[in-house]
Structures are given as C-alpha cells and as structure tokens.
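Based on these hints, arrange chain B on the given structure of chain A.
If you read the sequences in order, they're chains A and B.
Per our numbering, residue 1 is the first one in the first sequence, and the count goes up by one each step.
Per our numbering, residue 1 is the first one in the second sequence, and the count goes up by one each step.
Simulated crosslink set (EDC-like; lysine to aspartate or glutamate; CA at most 20 Å straight-line): (1) 53(B) / 134(A); (2) 232(A) / 210(B); (3) 238(B) / 134(A); (4) 136(A) / 45(B); (5) 11(A) / 175(B).
Partner residues are not named here, just some residues of chain B that face chain A (Cβ under 7 Å, in silico): (6) 22; (7) 32; (8) 36; (9) 52; (10) 150; (11) 151; (12) 154; (13) 271; (14) 278.
The hints are simulated quantities; they were obtained by calculation from the structure and are not laboratory data.
Beta carbons are placed, not taken as given, at the ideal position from N, Cα and C, and that holds for glycine.
One letter stands for each residue in the lines below.
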Amino acid sequence: MQDTFLTRARKERWFYAYLFISPVLIFFGLFRVYPALQTLVFSFFKVEIVARRYSWVGLKNFALLLQDDSFIRAIKNTFIYALYIVFISGFLGLVLASMFNSKMKLGAFFKAIYFIPYITSTVAAAVVWGYLYDPKFGLFNMLLRLVGLPTRGWTASSRDALMCIVIFSIWKSLGYNMVIFIAGLQNIPDMIYEAATIDGAGPVTKFFRITIPMIVPTIFFVIIYNTILSLKVFDQVFVLTAGGPAEASTVVVLQIYNQAFLNYRFGYASAEAFVLFVSVMLITVVQYWISRRMEI
Amino acid sequence: MKVQVLKRTGEISATSIAYLLLFAFGVLMVLPFYWMIVASLQIPENLVSFPPKWWPQPPTTEHYMDAMAKAPFLLYYRNSLIVAIISVGCSVIFGLFAGYAFAIYRFPLQNLFFILILSTLMVPIQVTSVSLYILMARLGWIDTFPGILAPNFASAFAVFFMRQTIKGMPGDLIDAARIDGAGEVRIVTTIVAPLVKSVIATVTLILFIDSWNDFLWPVIIINSKYLRTITVGIAFFKDPYHISFGPLMAATSIATIPMIVIYLLLQRFVIKGIATTGLKF
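So that you can see chain A by itself, here it is in the shape it has in the complex:
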C-alpha cells in the first residue's frame, strides 16, 4: 500500500513537472529548435518562398560561399571587429575597474554614468554616433578642425568605416565589461594587496602580479561574452554604414540579412547562418570545456 501511494504521488509529480515545463518546451521547440534545424536543411536547398518551392542543390550553397567575396569580407571584418572589442573594450574595462575601490567616493556615480551606453538601445545610440561621424556637420570633424588637424571621412570612407563601428561598440560595451570586472575584483581579499604593499610593490606590479592572476575566470568570461556578442553584431552596422562604403564594413549577420531579405536567397542565407551557428557553437564548447577545467 505504501508503495502504490508513493508511485501515485510520483506519477502526479511527473504530471506537474511536464505541465510546468511544457510552455517553454513548446515555444522553444516551435520557434527556436525547429527553425534551427530548418536552417541546416535549407542550406542544402534553393528556397523560393512565394512559390513555396524547395529545390535540392546539395552543397552548391556552401561552394558558392567560398567564392563569395562579400561573405569572405564579412567574415574577415567580423573577426577583426571581435579582436578589437575583446582586447580594447575588455582591457579598458579591466583598467577602469581596477581604479575603483570600496573607499572611493563617487564610485557609484561613475558606475552609473559608464553604464548608460549599455542600457541605451544600440540603434538609437548608433543614430547619434552617425551624426557625430558626419563628415560635414559632425562633431568629430569639427573638433579636428578646431585643433587644426586634417578632417576624416569617418563612416563615409572605406578606410575608416569599420573602425567607426569598432569605436562605437567599445563605447557601448565598456561599462558592462567594467562592471563585470568590478564584481570579479571584489572577490580578491584586501590582505593580498596589503602584503604586497608591505613588500614594496607599486600599483603597476600589483596590477600584473596580483589582480590579473586572481581574476582569470572573470577575464575568461569577458572574452567569451564579447566574442559571441561580436559574432552577432548587426544593429550598429545596419545604422552606421549599412556595410558600406562598397562593403568595406560588412559583417556576417548583415550578409545573412541582405541575402535573405533583400535578395530573397533564403537557401543561401541559411548556409551563411549555418556558418555563424558553427562558430557560436565552437566558442560555447571551448567555453564549457575550459570552465570545467578551471573549476577543478
């Protein structure tokens, strides 16, 4: 009797368990997992959405990808962009975070200020920066003229366009990286710094010999987070340069968007999306693998 009571109770729990997880499973199944699998399938097809015609083309989409200068350009740009964001925004975030300490007056004020770009919509902020970058009426060129330096083309120049996006994104993400590093730094016991001070270590020595080794996990998190975010970059490119001039600042997601929604090449865009998926997955696997090892 005891046994049947327990089984019944357990069966009832199962019922509630499945009931409670079913909304998430249904919505994710329909709108996340199914489209993800479809992306893989479509990358082997030519998809004509209006005619609802799907024609098998084998590996043709992927073969075309390898010869597509725009896509190769996009991969290169995305990679360069990611490197700049990870190293500059990450490093600056760490330097600024190490300037903070618990005794600092105005610390909360600075944190709040640095965080404003992060919570503002990328699109709206990029529109403002588009104005700052304007070759004729933008603030940056006016300031250059004011100090007597030659003006630049900024977003209108194929040499500067990608850097304009990088600078914008550093501005946008710096506050987040800084706040994450501040949280990581708070876990370092003050004792270690005090001991180093007694031993006569200066601030630079302390930074490289204590701070950095002690926050390796946080550094690792910031690198992974910024890399994945960089692979997905779209909004600021769309607003600031639309990938131009002459595709000088195009990125992977913009290529997917253009191929699918401007050229209606849905199969081809799926192949591009598949490449993006593999990149995100690889980084996630590396992250999982390393974070497992670090905890041991």
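This is chain B only, laid out in the frame that chain A set:
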C-alpha cells in the same frame, strides 16, 4: 574647505590619477548624449556653424515638433510596450514554473530537457531568423504582433535563474505547504514566487531592457509603419533625401531619454542585477 589627511604622496597621486582617468572616460561616455540633446534644441543655423556651439542659444523646440509630425512616436512607444510586456510577462511566468519543475521535481528526461532549453542559447535569432521568417510566412504571422513576439515567448535565461534560485530555497516550506493541502500551482504562485521576488524583479528588468532594445527580428518581421517598435521607427526615421540632424536628434532624444531617466532612478538595482547574473550565467 575640507581638509584631508593623506598618509603618503604615492597614495595621493595614485588616487588622483584614478579620478582623472575615470572622469575623462566618464565625459566620453556622456558626450554623445549631451550632444544629442544640445543639437535637438539648437536653431538650424547653429547646427551647421563653425566652431560648434556647445549650448543651445537660443533653445528651440521646433525640431521636436518636426519629429513628432514626421513619425508617430507615441504609437512606436505603445508597440514597444505591448511587445515588452507580453514577451517579458510570458518569459517570467513560464520561467518561474519551469524553473520550479527543474529544481524540485525528479522526472524522466529531466536533464535532457534542461540541456535542450539551455542549448537554444547557441542558436540565437541571428542564426534562426531566416528559417523563422519562412515559418512565419507559412503561419501568416508576418507583420503581426504574434510574429514579432514568436521567438520571445520564453527565455532560457529566465528558466536557468529561476531554477538556480529555487534550488537554493529551503525545501521544508514546500513540504509544509503540501501537508496543508496546497496544490502545486498554488505553491508556485503563493509560496515560491514571493520568496524569489528579487530574482523575478532582476530577470524582468534584464528581459525588459533586451526586449525594448531588440532590433534584428522586429526589423525583419515588421513591414507596416503602424506596427513599428521604437527601435525600428528610429532606424527608418532618417529619410535619405533630406538629412537634417535637428529632427533626427529630437527623435533619438524622444526614444532614449525616458529610458535613461528610468535607468538612473533604478541604477543601483540594474547594475547589481546585470553584474551578478552575467557572471553566474
């Protein structure tokens, strides 16, 4: 004047360098917003004058009138609010129940389902947008609210955090409620939810910011002007033939300033929430 007693000169210079650096970068952080507001209030002649005018002299509201006449910002706000409230509301409620199930129950395929939910993070909307669009076309959901909402009815982030938090709760409370005869749904809504309310608030806030600033999927799925969310409205505000920065800066001010003010009121809470969830996720 305030008199400060400092131990060593090295400490003075280190602190002042820290302040100087933080102040300099702080200026860079707010400068674009400052310039946006100044330009939005500047008379047209001053927008093109050299050297730049750092203060609106005299200030004018004409760009705001112009921006409001050109685009229905109240409607954009309403659309963004509808999308954010429904998607965040569903994500939080579904996340609470699913998080409870994963934390409290033991059931077949539990780990598989949990990993499946977390693995959706590897297929962001940037990857699935193309095939999701095709699915929406088949469902007839293009250019509709259900279409805008489709990928955001649930959130892996919400499920994960609810599970972590509920796992850390003392189990006897739930057992006591069960002995008192409370049903499982009532346990979640009346016992668990109040206990994890600070996490619910944090998750709600982060999801709300994400939803409010979302752009890629809305710009793909929305065709009609009257369905535009605020981000889509801003992106298409610029007309290609007549770029005038005054109305454009007024438009971005309308889009950003209310959010910045709300953020500044809640900033301690926002920063703490994002910092702790970011590191644990």
